[in-house]
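Asker: Those sequence lines, one after another, are chains A and B.
For the first sequence, the numbering used here begins at 1 and goes up steadily by one.
For the second sequence, the numbering used here begins at 1 and goes up steadily by one.
The set of hints was computed from the structure by calculation and includes no laboratory data.
No false leads were slipped in.
No distinction is drawn between identical chains; accordingly, a pair holds when it is met within one copy or between any pair of copies.
Heads up, simulated BS3-like pairs for lysine-lysine below, C-alpha to C-alpha not over 30 Å straight-line:
#1 Lys220 / Lys264
#2 Lys264 / Lys128
#3 Lys218 / Lys264
#4 Lys79 / Lys18
#5 Lys25 / Lys220
Computed from a predicted structure; not experimentally measured.
Protein chains: 2
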Amino acid sequence: MRSVTLAASQFACSWDRKANIAKAKDLVRAAAAKGANVVLVQELFETPYFCQDQLADHFALAAPFEGNPLIAEMAELAKSLNVVLPVSFFEQAGRAHFNSLAMVDADGKVLGLYRKSHIPDGPGYQEKFYFTPGDTGFKVWKTRFGTFGVGICWDQWFPEGARAMALMGAEALFYPTAIGTEPPPSPPVDSRDHWRRVMQGHAGANYVPLVASNRIGKEKGQAGEITFYGSSFVAGPTGEIVAELDRTNEGVVTATFDLDEVAKMRASWGLFRDRRPELYGSLRGHDGSPR
Amino acid sequence: MRSVTLAASQFACSWDRKANIAKAKDLVRAAAAKGANVVLVQELFETPYFCQDQLADHFALAAPFEGNPLIAEMAELAKSLNVVLPVSFFEQAGRAHFNSLAMVDADGKVLGLYRKSHIPDGPGYQEKFYFTPGDTGFKVWKTRFGTFGVGICWDQWFPEGARAMALMGAEALFYPTAIGTEPPPSPPVDSRDHWRRVMQGHAGANYVPLVASNRIGKEKGQAGEITFYGSSFVAGPTGEIVAELDRTNEGVVTATFDLDEVAKMRASWGLFRDRRPELYGSLRGHDGSPR
Chain A
1 MRSVTLAASQ FACSWDRKAN IAKAKDLVRA AAAKGANVVL VQELFETPYF
51 CQDQLADHFA LAAPFEGNPL IAEMAELAKS LNVVLPVSFF EQAGRAHFNS
101 LAMVDADGKV LGLYRKSHIP DGPGYQEKFY FTPGDTGFKV WKTRFGTFGV
151 GICWDQWFPE GARAMALMGA EALFYPTAIG TEPPPSPPVD SRDHWRRVMQ
201 GHAGANYVPL VASNRIGKEK GQAGEITFYG SSFVAGPTGE IVAELDRTNE
251 GVVTATFDLD EVAKMRASWG LFRDRRPELY GSLRGHDGSP R
Chain B
1 MRSVTLAASQ FACSWDRKAN IAKAKDLVRA AAAKGANVVL VQELFETPYF
51 CQDQLADHFA LAAPFEGNPL IAEMAELAKS LNVVLPVSFF EQAGRAHFNS
101 LAMVDADGKV LGLYRKSHIP DGPGYQEKFY FTPGDTGFKV WKTRFGTFGV
151 GICWDQWFPE GARAMALMGA EALFYPTAIG TEPPPSPPVD SRDHWRRVMQ
201 GHAGANYVPL VASNRIGKEK GQAGEITFYG SSFVAGPTGE IVAELDRTNE
251 GVVTATFDLD EVAKMRASWG LFRDRRPELY GSLRGHDGSP R
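If we strip away everything but chain A, and leave its shape as in the complex, we get (with noise of 0.2 Å):
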C-alpha cells in the first residue's frame, strides 16, 4: 500500500507578481495542510496569461532556468512542507524562450527541465510568437511520493504525450494550465467540457490519476479579453472525476489514490500488454503514411 495524495489548486493572477507567489504559496500550504503530497499551481501563474497579446515588451517577464529565483522561493516551500511541486515558469534560454516546468522533489531538490511540447496559436492564444516548441522531449521524475509525468496546458490535448510519459512510468500526470473563453474571431466556444474529457480519456487510457489546474478570472488584453474556467480537477485511473473546482472561485481539492493498487489493476486490464508498437508508424508522421 503506498498512499499518496494530489492536490489541484486555482487562483486569478493580477500584474502584482509578488502578490500571485504569494497566493500560489498560500494554496500549496493550505494543500499541504489537507495532506497534499503533490501540489499542482496552474501555469504561468507569475503573472496574467501574457499571450493574450503579440508584446515585444512580455519577453521581459522570461527569467533562466539556473539561479531563477521563483523556482528557489518554490523549492524552499516544498522542503519546508515535504511536498512535490512542479512549477511552470516563463523561461529564457539563450535567445530562445520557452514555456517550461522546474520539478521540485519534496526535499527541495530541482529534479529537472521540462519543455512545453505542443505550442497553441490562435486568437487569445499567441504562444506561437513567445516559444518555441519544447525540446526537452517528454519527461518523467522519480520523486520522493512517486514517479510523475508533467505536460504544460495544450500538451493536455495529445495523446502521444501523456501516452509516453506512462510509458516511461508516470505513476500520475500533471497538466498546469491558462485555457478560457475563445476571444473573437474564434467561434464562442465553451471547451471546459472537451478540455475535461480529452484528459479523462488520457487517465483511463493509461490507467493513472490525472491532476489539471487551471486559472481562474477575467484578463483583459489589447486585442479583447479572456475569462479563465478554472474547472481544476483530479481524476482517477478510469478517468473518472474524483474531485474538482469551479468555475470561479479559488481554492485546493485533494483525492487520495494507492499507487500499489492502481498499478496492480493497471497491469490487470492489460492495455500495456496488448499494445501493437509495430503498427504505430504513422504516428510518427503528419499525414498518415507508415513511417
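Since chain A is already given, all that's left is putting chain B on it; use the hints.
Answerer: Below, chain B alone, put in the same frame as chain A:
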C-alpha cells in the same frame, strides 16, 4: 454542408445464428428508416460471445473473407437501403483465425478487410486463444458518405489506433464491441463509464464523431457468465455523448453531423497542426525508451 447521419445499435445474441442475423438486419432497416447513412452493428453478432471459454469446437464458427455468406447478405442489405455497413465476423484465413471486419459501401461493394489489432485476454474474454493479432494495420475507407475508420472492441482502448485512423483521414470512427461484467476471478468491475470515457477521449482528441455498438443480454459460458452492458452511443467531435442506448434494451439511435463543418472546426482547433511527431518515438516501443 455535408450532412451525414450515423447510427449505433444493440441487441442480445443467442445460438440461433439465423435469428441473430435477422435481428441485425431489422435494426439496420430501423436505422435507415431514421435516416441513417452509416449503421454500426455490434461485434461478432452472428453468435453469442464464444470467447468466454477456451473451446476448440468454437473454431468451427469461423469462415473465410472471400465468399463469406454473412458479408454477402449484409452487402445486399446495404445496397438496398443505401447505407454503409461495417460487418464484424470471425475470419478463418489459411491456418490462422482473426477477429475481422468487412467494410461494405452503400452500393453493396465490399471495400476491404480489417483485422482486430489489439487482442484482450482475461477472465471471460479469452480472445488470445482464438485470434491472431491482426496483420492489416489500421484502415480507413472512402465510402459514399465519407472516409471512415473502424476499430474492433479492445482496439477502442488504444489512443494510437484512433490517432492512426484520424491521421489517415477518418471523418468518423466506429467501434463494434462485446463488453460487459468481469466474471471471477476478476474483481467485479463495472467498466461501462471507463469504456465510454476512453472513446470520448479519442473523439475529443481527434475531433471526430465516434460510434460504439455493444451487445446486451446475459450469456452463460462454461466457466461463468457475462452480462453485456449495451450503452451503445454516438459521440460528437468534442467527445460529448449525443445519442445513447441503455444497458438492457435493444434498439438504434442516430446522430447527424455536418462533416464539412466538423473538418473546419478541427483545423481551426489546431490539434493536428501542433503535433510533434519527432517526439513520439517512444510510442514505437513497450518500455518508453526512445526509438
